[in-house]
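Below, each chain spelled out in residue letters.
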Amino acid sequence: VIALVLMACGGRPPELVAPLDLTFSGASGEVIELRFDAEDPDGDAVLFWWPEAPPGWAQASPGGPDVTWTVDAAALPTFGELILESGDGDAALHAVYPATFLLNE
Amino acid sequence: LIPWLLLLGCTPAPDDWIEPSISAALDYRVDRTRVAAIRLDPPIQQSGGEVVVDALVLSPGPVAVRAVEGCGLRTDGPARVIGAACFSTPDLVFPIATRLPATWRAPDLSAAPGFVGCPRPPEGEPPWLEPNACQSVFPILVTADGDDDLGLGVVDVRLDVGREGGVPRPLHDQEIALEAEVLGDTVELRFTWTPDAPLFDDVTDLDTNLSLSARWLVDDGVLAGTGRTTVTRGSDGVWWTENALHIPDGYEGPLRVAAIFDLYAEDPNFPAAVWSDAAWRVATVEVSP
Chain A
1 VIALVLMACG GRPPELVAPL DLTFSGASGE VIELRFDAED PDGDAVLFWW PEAPPGWAQA
61 SPGGPDVTWT VDAAALPTFG ELILESGDGD AALHAVYPAT FLLNE
Chain B
1 LIPWLLLLGC TPAPDDWIEP SISAALDYRV DRTRVAAIRL DPPIQQSGGE VVVDALVLSP
61 GPVAVRAVEG CGLRTDGPAR VIGAACFSTP DLVFPIATRL PATWRAPDLS AAPGFVGCPR
121 PPEGEPPWLE PNACQSVFPI LVTADGDDDL GLGVVDVRLD VGREGGVPRP LHDQEIALEA
181 EVLGDTVELR FTWTPDAPLF DDVTDLDTNL SLSARWLVDD GVLAGTGRTT VTRGSDGVWW
241 TENALHIPDG YEGPLRVAAI FDLYAEDPNF PAAVWSDAAW RVATVEVSP
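Protein chains in written order, with this note's numbering: chain A, 1 to 105; chain B, 1 to 289.
For the record, the hints were derived by calculation from the structure and aren't laboratory data.
Keep in mind that a hint or two might mislead.
Examples of chain A residues lying across from chain B (beta carbon under 7 Å, computed) [said to hold, decoys possible]:
no. : residue
1   : Gly26
2   : Trp49
3   : Pro62
4   : Thr78
5   : Ile83
6   : His94
Far from chain B, by Cβ distances over 10 Å, these chain A residues were calculated [said to hold, decoys possible]:
no. : residue
7   : Pro19
8   : Arg35
9   : Gln59
10  : Leu102
Built from N, CA and C at the ideal position, the CB exists for glycine as well.
Using the sequences provided together with the hints, build the complete structure.
Here's what the structure looks like:
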């Protein structure tokens, strides 16, 4: 019974594929293009959320994998996280990865 | 047996309990009654002093505060009660108010046994703090009734007994600004705090010991920066944070955006102690087709 229920609930969270090291650095004013890749074991679409990202961190679309980072020296270093989300509403599954944003002097 | 198994199957294993981080970031819609923030004035509370309790309560429909209650405070010695668990013991609960903001006079604990006071550490000396000897800690619970649900919020009160040194001022609402600019189906949001006076009269540099974070709640839509954003201090001394709200297709009518500044600072008189404060603003965007 438990195995059936787990399947019905869709049970496995998404996983980050690349990059695996979420330490980012850049010089003030530098514009850095980033792309993230994740996969969901159940085949659901994956959304990428960045709470507490530094100013200048802009996703091409909400929850999308593409980011343009315009490095702002006044706002670094910053510690945030990447939340991967798959599924919908109450059935959503998440995975959290810590992220660090540094300034190249 | 079967319902229990169903619950077990849909509940994450303990290793996957990541809700505190997730809920602050992604659970940002006012889809139920929520006590989104509670603040106390003064931000450091004193035995025998007045405390003003206020809260930001949001709900999809009409909402009313049902009760403001405390729990676990004693007058015969120090209390150290953290969090909401105390409220499951009715004998320990005491009423404070039935509306907000509420003014409450804390009991004078200076004559109670067990307190030895909070002397300020000598200049250059390592911090000295024995919380149980100079503080009573207890929670305040705010309960609000929505149309068909209940909202709850808890904040810990730290009553200093025999404190030496000043106390910080609260954040002033007029220091806080929330600006919104509508660009198509997106609302660009900017939240700023411009201090109009030092937080402590006798402390000029709190920068290294001060941090701010921002939380956001909206009636509907998607927040590009999630419900939790970082707060930055500009070279002009203004603290600011930004977000963008994507309005859902077909939405019509008022759409509320609430922004909350949470402030944490190390007490300059007692370097091991942290005090907190909160300020908020709520804006309404009228969405028409």
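Point to revise | Hint numbers contradicted by this structure | key: When the structure is compared with the hints, numbers 1 and 9 turn out to be violated.
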